[in-house]
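Undergrad: Numbering (this note's numbering), first residue to last: 56 to 141.
Simulated from the structure, these hints should not be mistaken for laboratory data. Some hints here could point you the wrong way.
[Unchecked claim] Here are the in silico distance ranges between beta carbons for each label pair:
| # | residue 1 | residue 2 | range |
| --- | --- | --- | --- |
| 1 | Val96 | Thr63 | 16 to 22 Å |
| 2 | Pro95 | Val59 | 26 to 32 Å |
| 3 | Arg58 | Phe92 | 30 to 36 Å |
| 4 | Leu61 | Gly85 | 37 to 43 Å |
| 5 | Phe110 | Leu89 | 28 to 34 Å |
| 6 | Pro95 | Thr63 | 17 to 23 Å |
| 7 | Leu73 | Trp109 | 17 to 23 Å |
| 8 | Gly85 | Val59 | 38 to 44 Å |
| 9 | Ile108 | Ala84 | 18 to 24 Å |
| 10 | Leu65 | Gly99 | 16 to 22 Å |
| 11 | Val96 | Gly64 | 17 to 23 Å |
From a predicted model like this one, the values you see are computed outputs, not experimental measurements. Just so it is clear, CB atoms sit at the ideal spot from N, CA and C, and this is done for glycine as well.
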Amino acid sequence: MDRVDLVTGLALVVLIILAGILENMFQSAGLTTLSAFVWPVGYGTAIITAWYIWFSPLDFQAPDSSEETVWETETVDAQERSAEGE
Numbered sequence: 056m057d058r059v060d061l062v063t064g065l066a067l068v069v070l071i072i073l074a075g076i077l078e079n080m081f082q083s084a085g086l087t088t089l090s091a092f093v094w095p096v097g098y099g100t101a102i103i104t105a106w107y108i109w110f111s112p113l114d115f116q117a118p119d120s121s122e123e124t125v126w127e128t129e130t131v132d133a134q135e136r137s138a139e140g141e
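Sequences and hints are given; from them, build the entire structure.
TA: Set out below in structure tokens:
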């Protein structure tokens, strides 16, 4: 982990804690509708931010059909073994 990841993680933790504190303050003040809105928005913002920064850049794609896959290797090995057995 580099410094940017640590700072981002710390900022997200602060955001979640701040959302919890604000929700508690609004609840104590009798503003239940506002408190019910603050916690999901604050927590949701932290989750979406974490996804955008850490998980969005990841490449979750299947290999191209031109590349050899693990399954093709097993198929070729099985065919070679069956040809040797004949």
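Undergrad: Each hint needs a verdict: does it hold in this structure or not?
TA: Taking the hints in turn, this is what the structure says about them:
{"no.": "1", "hint": "Val96 with Thr63: 16 to 22 Å", "verdict": "holds, 19 Å"}
{"no.": "2", "hint": "Pro95 with Val59: 26 to 32 Å", "verdict": "holds, 27 Å"}
{"no.": "3", "hint": "Arg58 with Phe92: 30 to 36 Å", "verdict": "holds, 34 Å"}
{"no.": "4", "hint": "Leu61 with Gly85: 37 to 43 Å", "verdict": "holds, 39 Å"}
{"no.": "5", "hint": "Phe110 with Leu89: 28 to 34 Å", "verdict": "holds, 31 Å"}
{"no.": "6", "hint": "Pro95 with Thr63: 17 to 23 Å", "verdict": "holds, 21 Å"}
{"no.": "7", "hint": "Leu73 with Trp109: 17 to 23 Å", "verdict": "holds, 20 Å"}
{"no.": "8", "hint": "Gly85 with Val59: 38 to 44 Å", "verdict": "holds, 41 Å"}
{"no.": "9", "hint": "Ile108 with Ala84: 18 to 24 Å", "verdict": "violated, 33 Å"}
{"no.": "10", "hint": "Leu65 with Gly99: 16 to 22 Å", "verdict": "holds, 19 Å"}
{"no.": "11", "hint": "Val96 with Gly64: 17 to 23 Å", "verdict": "holds, 20 Å"}
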